Amino acid sequence: MSDIQTTRAARKIVIDPVTRVEGHGKVTIKLNEAGDVEQARFHIVEFRGFERFIQGRMYWEVPVIVQRLCGICPVSHHLCAAKAMDVVAGVDEVTPTADKMRRLMHHGQILQSNAVNVFHLASPDLLLGFDAPVATRNIVGVIEAFPEVGKWAIFIRKFGQQVIEATGGRRIHPRLCIPGGVNQNLSVDHRDSLLKDIDQVIKWCEAALELHKSFVASHRDLYATFASFPSSYMSLVGPDGGMDLYDGTLKAITADGKPIFEGVHADHYRDVIIEEVRSWSYMKFPHIRSLGRDDGWYRVGPLAELNCCAFIGTPIAQTARQEFMTLGAGGLVHATLAYHWARIVNMIHCAEIIRELLHDDDLQGTDLVLTGDRRPEGMALIEAPRGTLLHHYTVDEHDQVTGANLIVSTTNNNEAMNRSVTKVAIDYLTGKEITEALLNHVEVAIRAYDPCLSCATHALGDMPLIVTLEDADGAVIATRVKQ
Amino acid sequence: MSETAARPDRVLVIGYGNPGRQDDGLGPAVAVVIEQLGRHHIAAFEAYQLNIEDAIDIARHDIVWFVDASLTGPAPYAVRDLSPGASIEFTSHILRPEALLAIARQVFGATPEAHLLAIRGYCFEFVEGLTSGATDNLAAAISMLTERLGIVEAEVLA
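First to last, the protein sequences are chains F and E.
Letter by letter, the first sequence follows residues 1 to 483 in this note's numbering.
Letter by letter, the second sequence follows residues 1 to 158 in this note's numbering.
Simulated from the structure, these hints should not be mistaken for laboratory data.
You may find that some hints are simply not true.
[Said to hold, decoys possible] Now the stretches of chain E that chain F is said to cover, found in silico as 3 or more residues with beta-carbon under 8 Å:
| hint | stretch |
| --- | --- |
| 1 | 17-25 |
| 2 | 40-51 |
| 3 | 97-103 |
| 4 | 134-144 |
[What the hints assert, rightly or not] Okay, the calculated beta carbon distance ranges per label pair:
| hint | chain 1 | residue 1 | chain 2 | residue 2 | range |
| --- | --- | --- | --- | --- | --- |
| 5 | E | 128 | F | 369 | 44 to 54 Å |
| 6 | F | 328 | E | 140 | 56 to 66 Å |
| 7 | F | 147 | E | 37 | 49 to 59 Å |
Treat the numbers as computed from the prediction; the structure is a model and nothing was measured.
Just so it is clear, CB atoms sit at the ideal spot from N, CA and C, and this is done for glycine as well.
So that you can see chain E by itself, here it is in the shape it has in the complex (with noise of 0.2 Å):
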């Protein structure tokens, strides 16, 4: 808990990637799921891609977990904590969180416990739907996730 033990630490879940891609929806799935979990102090939402006016939501959370789907890397999920790090790309079509991250510190004064959650997918095609081993990582690490959320699984399978 960051604060008070009275009230539960706020949550901020954003799933990335494009689910017109294949295992490139592995991001925006989790955040689907834990969306339509409806926990008051826990926010998902699913992107594209991670976006400058992010740094706002995630500077009113407590926690924030990125996720997204992963190339390279084991299977079915790594985890790993994320600080503040600025960097400049040659596009605007990478944003990593990292950089969110330092905006939000820099520009809200706020600096939330964060981790990445990187999802291995396998295929990243113009194909709609997961491939199958995706989809078991995707259950791994929704179940990792809600765990680490404090969510029981009978909920998460209701």
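Excised from the complex, chain F in its bound form (with noise of 0.2 Å):
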């Protein structure tokens, strides 16, 4: 339901995040004197205080209390947070168990929350159409004309949940990682209970890609330009280049292919990523260091893993990604609705990986944990749903942490975002009015990123999108809610 405000005083309104409003999302579109789009910016309130959360922490805590920062990727930072301890630790490689159950996990929470935005949040726009109506475009909507999506949706991500569960030992706060390794292996009977379902689960994520090609198939050019600017792009890959959502390098590529930045490992990730911070966004702006605060943006998430990657090491999704980069042309796959047809590749590919490790007696090892020499400082990183997530700790002597830094995807997605939200404005804003029409598209666009909301505090009474549209005086024309 959408409630439209219009404002004609010619003053601006500050919504001010400092508030206790986290989980809204806050659009400011701003005019120039000719009337024309100048720029839009998507604001969104980032965590705010977890430095001091996790200050004074003894290091081996951290990854449980990381788990606490997002609702939708507690196993992200679970598993971030514990790779960065494991350097902590001494540990420079787990034992083949350790490995393997991480992975297993990792590919499990992947697979559950990718399928959450393909389903529950893409599928409405993709499958009704972005102008159908607002009562109906939802995922309810989409069952009645499509009634196989409701149990796609609902049991792929309830077979993540079981694969998290089933590696962490319960549903919420999964306790898998401790610096150096794992707290326990997978028993037969977990495994085998995935083993019954797992080739299913592949069939529908198949399914899946080929209901969303149908919809590309149909809608070429808005598929192709909605939202959509080239871009560089960044993710992990495996040492061999190929897709590895758990471990690897950090590279970066520009628009048309060429390496900004490859081989680079967590602990120099300062050397190539700096972190800017802006007036008008509690959000930091990260940028590649040798392109420059103005040409160093970059875009991360599935999208970005599957330009980055030189291929994909399971069959399945390796013929899927080669048939995704033909959209390219010979080159990168630059639409931002094309975040969409990537995350369905990532969950088959997470479904192929979980198969392989479930049929992989390294699961039920015993030798779970290494110990090494203590250090000062570890970093991490790790693909998550959204994209490259970094951990960033210092510990003092008495095993307490002394400091803290995460950059989170939807951060490293900040100016791709406020870009994608531009090109809708260009595109879609008639005269001063913020339609119903405006506002869904800008939806569409930000929904292809599905930013985090520091979303792990989402208590009742603030969750909508404000748009508001501002002359070239800063004055608000206009605002509209969606609540």
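Given two chains presented individually in distinct reference frames, assemble the corresponding complex, making use of the accompanying hints.
This is the structure:
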């Protein structure tokens, strides 16, 4: 339901994110003197106080504590913190059982998180149309039109959660990882239970891809241009250049596919990335050091992962990637809506990885933890469902955390989201009115990135998307709130 | 009773929120208390937030209580009845109870009686533990909820 408010007074309404309104998104569209769109910004509230929350904690507690950060991606934070604390514990390489248990959990997490985005968030726009009535443009409307989609959404998500529970011992706050390894292996009962369903899950993912491709086939121009622009990309890749969502080195490429850097390990991230703070946002604006502030922005996430990797090491996903890359006609794929296609390819890859791992006897191994010489600092990278995630900690001689820095996927995509919203505003704003259609299109663009909204706090009362139109003097012309 | 008098209604309590964000932990705190009561016909679980597969559990119960912290609204709590109602958000970090009810109805043909218990919270920073005001509200909410569930106060205190 949308609530329309029009403000004609020539003053700027400030909706200050310092007040306790996490979970909301705010879009500001600024016009120039001629009345054309000059820029648009998507403001969201980022983690605040996290460093204070972590400081003073014992370093081995951190992989569990960081799950408090996010209700959607607790597993990603758990695993990334564990990798950073492996370094602190003096362990450069965990045992095969520990590595594969973590990978199993990670791919279960990405599978279930991507399923929520693809089916619950994206499918109403893509399968019913951007302009379908709000009353029906939702998951229930999709299920009415495509009954099987509801089944895929619920049971793929449930399967991913079962993988997390089997590896982490519980549905929420899993406790698989400790610095230097893991707490448990995979029981044969859990393995056999997951094996019973994995082939079906892969088939559903493949079916979802076919359904998505049918949308693309009938909307080629829209798909290619909506909220889109050429950009640089960054993701982890494996040592052979192939997709690796759990570990590897950072690679960044230009819009025409040329390498900016590659082979960068987590402990050298500051050599290639600068985090900038801007006055109007609580989010940091990371950019590639060698390209500078204006040109150094980039995109992360499934689209970046498919553009950056040389191949995918699982057969069905590799075939799907090859077809996906034809969208770029020999170059990279820049379509913002292609995030969704890429997300489904990743789901297939994750399901294939899970199947491979379930047949690997190392998961029943008993060599779980290694120890080493304590170090004062640890950094780690992982590809979370929304893209590259970094954790960086310093630890004192009493084993207490003294500093923490996180760059989350949504922060990496910050500038790109602004540009997508700007493109939508340029293409769809007519006059000085925030129409329902404009609001819808802004939302469609944002959904492609599926931003994290410091979501672990989501209490009732504040979860709107607020779109504000300002004139060249900063006066608010109109505001529209989607509750 | 939704069916026969021989079988008590199957009740589900979903308490959601983040205990690491002060009063956002009100929902999970309720779920923990209800779960510890160990009534065979009353299930309870805590979650950071609602998830789409919760529709499976919802469809298996006659009565569902969604319990969340509230940023605004009356103290100590407010209760309202819920009906299925789908919506689309701009991020997957938001899923409303009405949407889950709609999915349960659409996919599983189930329409349980549903209520939202919104317990007033006051502070939501990165701190573990409820504020004193929220703790008082929690006690009042649990008293009301257990009474609605037919559980006598002595059992709750025990």
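For each hint, the structure was consulted:
Chain F is given as covering the stretch 17-25 of chain E, and this holds because 7 residues of the stretch bring a CB closer than 8 Å to a CB of that chain, at least three being needed. Proximity of the stretch 40-51 of chain E to chain F, defined as three or more residues with a beta carbon under 8 Å from a beta carbon of that chain, is established by the 6 residues found. Coverage of the stretch 97-103 of chain E by chain F holds in this model, with 3 residues showing a Cβ closer than 8 Å to a Cβ of that chain against a need of three. Taking a C-beta to C-beta cut-off of 8 Å, the stretch 134-144 of chain E contributes 0 residues in contact with chain F, too few for the three needed, and the coverage statement is violated.
Between residue 128 of chain E and residue 369 of chain F the beta carbon distance is about 27 Å. The supplied range of 44 to 54 Å is therefore violated. Checked against the given bound of 56 to 66 Å, the beta carbons of residue 328 of chain F and residue 140 of chain E, roughly 59 Å apart, stay inside it. Checking the proposed 49 to 59 Å range against residue 147 of chain F and residue 37 of chain E shows it is violated: the Cβ atoms sit about 38 Å from each other.
Checked against the numbered hints listed earlier, the structure breaks hints 4, 5, 7; every other hint is satisfied.
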